[in-house]
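K.L.:
Residue numbers (my numbering), protein chains in the order written: chain A, 1 to 133; chain B, 1 to 133; chain C, 1 to 133; chain D, 1 to 133.
Derived from the structure by calculation, the hints contain no laboratory data. Just so you know, these numbers come straight off a predicted model, no measurement behind them. Fair warning: there could be bad hints in the mix.
Pairs involving identical chains hold if they fit within one copy or between any two copies, as the list cannot separate such chains.
Quick list of in silico lysine-lysine cross-link-like pairs, DSS-like style, CA-CA up to 30 Å [unchecked claim]: (1) LYS126 to LYS11; (2) LYS116 to LYS126; (3) LYS14 to LYS126; (4) LYS109 to LYS11; (5) LYS109 to LYS14.
There are 4 protein chains.
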Amino acid sequence: MDSMMMDMMSKDMKSMPGMDMMDMSVMQACMDACSACEQACTVCSTQMMDCAPACMNCADMCNTMMRAMMRMQGMNAATGMAMLDACIAMCQQCMDECMEHADMSDVCKMCAQACKACMDACMAMKNSMMAMS
Amino acid sequence: MDSMMMDMMSKDMKSMPGMDMMDMSVMQACMDACSACEQACTVCSTQMMDCAPACMNCADMCNTMMRAMMRMQGMNAATGMAMLDACIAMCQQCMDECMEHADMSDVCKMCAQACKACMDACMAMKNSMMAMS
Amino acid sequence: MDSMMMDMMSKDMKSMPGMDMMDMSVMQACMDACSACEQACTVCSTQMMDCAPACMNCADMCNTMMRAMMRMQGMNAATGMAMLDACIAMCQQCMDECMEHADMSDVCKMCAQACKACMDACMAMKNSMMAMS
Amino acid sequence: MDSMMMDMMSKDMKSMPGMDMMDMSVMQACMDACSACEQACTVCSTQMMDCAPACMNCADMCNTMMRAMMRMQGMNAATGMAMLDACIAMCQQCMDECMEHADMSDVCKMCAQACKACMDACMAMKNSMMAMS
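All chains should be built: construct the whole structure from the sequences, respecting the hints.
P.N.:
Structure representation (structure tokens):
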């Protein structure tokens, strides 16, 4: 995400109850990983390999997750955790399916890497949210 | 969802391993409830009341959930459960926020009802998936 | 769209400048056709036939169009016309590609029909908007 | 977009009829501008100012445009032009509405800048596509 826009968002969040403790660098990394994963999955899904339905699901879930982090006013702790779990699960599945084609397709290999990075970033975000409560 | 398209989807799913036991009427009801909830939340978010961020998050999550059910080839049981949990949590939060305005706004009241219906439909879908395994 | 929610939306729109002349039944038909087309295209794209990229594009465009009609406060006449043209063009292309498989796949056949219906509904919406200005 | 994924996409596109002449740096810049604009508009829409409906429409249109460029197999020249026109029109409107609040809100100011950058990138993409035909 653009760094100046991120600064604005951070300032807004500091004024939300319970959000002043959020590590904004963890959140920014998570939004960026979701965005990169949506893009990788979208490209991967056009290959018409059998991972395509998982890639399409993962692209949608990552976009929804990214946007939700940009609208933290509309997410409480319970909702945030459940959405992160869903995003982690979807990335795990997409990564597993794409890894099976990693030898055949460099796009699948990179998609699997983007899914792994997104999973890791979502887990870091969960840890960060748990440390706050 | 269009009933003829639903029949096609059902036929496809019957040939997927583990999916032949799925109660398609439960799934159709869940897709329709997600679609209705996305629409209600989208309208509600234009009111610029403080429920708007939750409504936008809920609209995105419901659309992602609906599409994922149309691409069951790309969801395993664990992913499906996690996504349904996320959708239930998001609908719960949006319903709670809109209910606080139900006396002031008929749109909020209807949005809360659409969220409740979507939560119930997602829970029925979870029960149906659990009965299969 | 749910008829009670539609009534609320209509009432809101009557109070927007220039929107009091809008034929709400034309607009409702267009939103419903966009929603049906998004669903048909989403199912069709999971078949992994060569129409899939067009189907995915069409599903996204139809969802964007549907939501934009639910947020008419955020669309002026020029924007509305350009978005309807884009939706019509995308539906046309998806219909053409799916029609080539209509003999092989009933899903493609129904997807093409949903695209045709969405094109027609978008053209009726354009005519309705032009009559207003 | 990730540069290695972009390289893969470029290689794929070189093999599509009529696409071998596409200037991939123009296309990459356009996808990146759409992504940045979706993010800026999503943040801006949570401010609950009167630009919010336009911001939400613009976020959806930019995401649809970005994804469509990642699935060029599913866009012909006519569809691409119509979608770019719709994206330009939506960005123009959102920029105009946010500029009216630029003195009051730094987020609106940055959102307007992101819209302007996206408009310019879409126009460059149109020029690039026209030069090909």
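K.L.:
So, for every hint listed, does it hold in this structure?
P.N.:
Hint check results:
1. LYS126 to LYS11: within (21 Å within a copy, 37 Å between copies)
2. LYS116 to LYS126: both (15 Å within a copy, 26 Å between copies)
3. LYS14 to LYS126: within (18 Å within a copy, 37 Å between copies)
4. LYS109 to LYS11: between (38 Å within a copy, 16 Å between copies)
5. LYS109 to LYS14: between (38 Å within a copy, 21 Å between copies)
Consistency with the previously given hints is maintained throughout, with no hint failing.
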